[in-house]
Amino acid sequence: MLRSKAAIAKLGALRTYASVSSGVAPTVLSTANGIKVAATEGHPDSPLASVSLVINHGSRFETASTSGAAHYLKAFGFRNTQDRTSFRTVREAELNGATLTAEATRENITYTVQCFRDALPYFVDILGDIAAATKFSEHEFRDIAKLVKFEALGARENPQARVLDGVHQAAFRNGLGNSLYALDSSPVSTGDAVRQYAQSAMQSGRVAVVATGVDSATLAALVAESKLAELTNENAVSAPKAKFTGGQHQIYESASPVSHYALAFESDPSSASALASLLGAQRRLKWGAGASPLAKLAFTEGFAAESFSFAYSDAALVGVVVSAPAAHIKSAVEKVAGVIQASVAKASPEAVARAVAATRLDIAEAQSTQQGVIRDLSKLALNQGPLSLKTVDGVAASLAQTAAKVFSAKPVAASIGLSQTTAYVDTLGF
Amino acid sequence: MLEAVARTLQANGAFRAICRPIASTWVNLAGYRRLGLRYDDLLREETPIIQEAISRLNREEIDLRNYRHRRAFQLSLSHQELPGPQWTKPEDDVQYLQPLIEEVSQEYSERDAFNSMTSVRK
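These protein sequences, in sequence, are chains A and B. Letter by letter, the first sequence follows residues 1 to 430 in UniProt numbering. Letter by letter, the second sequence follows residues 1 to 122 in UniProt numbering.
Hints are computed from structural coordinates only; laboratory data are not their basis. A portion of the hints provided could be inaccurate.
What the hints assert, rightly or not - Reference listing, derived: stretches of chain B covered by chain A, where coverage requires no fewer than 3 residues with Cβ under 8 Å from a Cβ of chain A: (1) 55-64; (2) 103-115.
Unchecked claim - Here are a few chain A residues that face chain B, going by a calculated C-beta distance under 8 Å: (3) 85; (4) 87; (5) 88; (6) 91; (7) 95; (8) 138; (9) 139.
These numbers come from a predicted model, not from an experiment. C-beta: ideal position from N, C-alpha, C; glycine also.
Please model the entire structure based on the sequences and the hints provided.
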């Protein structure tokens, strides 16, 4: 049965539980000591809420002496503080039915609590405790070190994650090129080292509190009552500016029968996700290869190609990960490079329209989840250029020109496999 | 009774001044300092709480503790005492384990409290 136009329009206007109210951007407030606070009310009938402490001090801020500290700091979330044991935090979260999570990206470390609305003040208090009073005791560090090591090993086992880590290293060397994970070579070996990193991280100018299920003013009042109000902004370090350099990162791996190759181009943060859709290497359809030339190529040749984009506050990467049997990786990458030069850099208006539609869908989908809303709010609060349907519409008109420029520049690459059979950037014809 | 004495000790400076010489004589008579031990080395360690507290000591403190124990065993076996200058000095006889024991026992009682709580729905 077809719905009438009016009914469809009404559907479009409906807001689902976690969606940002359309059109009205959430206001970003600042507390007395400079902590940014942003929140969206969400649907008034929903009892759900979430609150996150976002610290703009991810792995890109690490130096040679603190390499890996961001990973440890993430793992120290919700641990013993001066006022609460981590046992109590966890038990009380369980009694409230809340979920505690910690996430680290290259820019931000985020501690998130998902809970009911009425428990929100309590959890803002806990987040304040984490920021101002975590103990970083040595016996906890020993437990955490095991967890961190396990996570780092897990990431090493995943060739996709490894090759994407490698392509960041090739593209930015340090700063954004730092690994997300604490490697074996990490000099961080005591709770004190993590405490020192945390002290430079917990500067009120680097911290934001974002929430769903509450309005910004209420949240700002809660933050002002918590320990977060004690944070100062004395010796805030600024992020080293990201600089895109050229190169290739080769990880020698003779045991695996499959090789992986990441090819990445420099782009500006706002158009990165649209360009990734334009590459469109992954199939969006269950049957057939779809219309994207890269997906068609991978489908007929029998290898895997998946596009990716990473947007940061001052830089972005867009590209494709090619996975093929070790013997064929070179020809697969050369064919992919050929298709990028021949078709993607000279995209037809239809291809651009498809890419814009796909990107709009991705963004709308992300914004309809609580996690997506939290991520958008933290980018908004920390001024890291959140993506919205509006930004996509902004870059849509000139996407073909942007693609021509981005995809003809020299890319960087990272590869896992035999160095004898792999392709090298300088032979790909860019 | 003992708690009342402890409270008075903390509050009353004159009482403290009277007690101090008696206390230090008592400790010296106990004899553990002549074997190079500290008071916290004598605490009964066969309980879960003290085991946990000991596991939280850092490597250097554990090594020194083990060394003091072994030296004391050896001296005791051979019916000897350390030469006077090597006795534990009063200022070295610090409570290095007691704060950890208190921390751990607080955690244990918190755990018991949570395990036996009744949750009330408002």
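So which of the earlier hints does this model not fit? none
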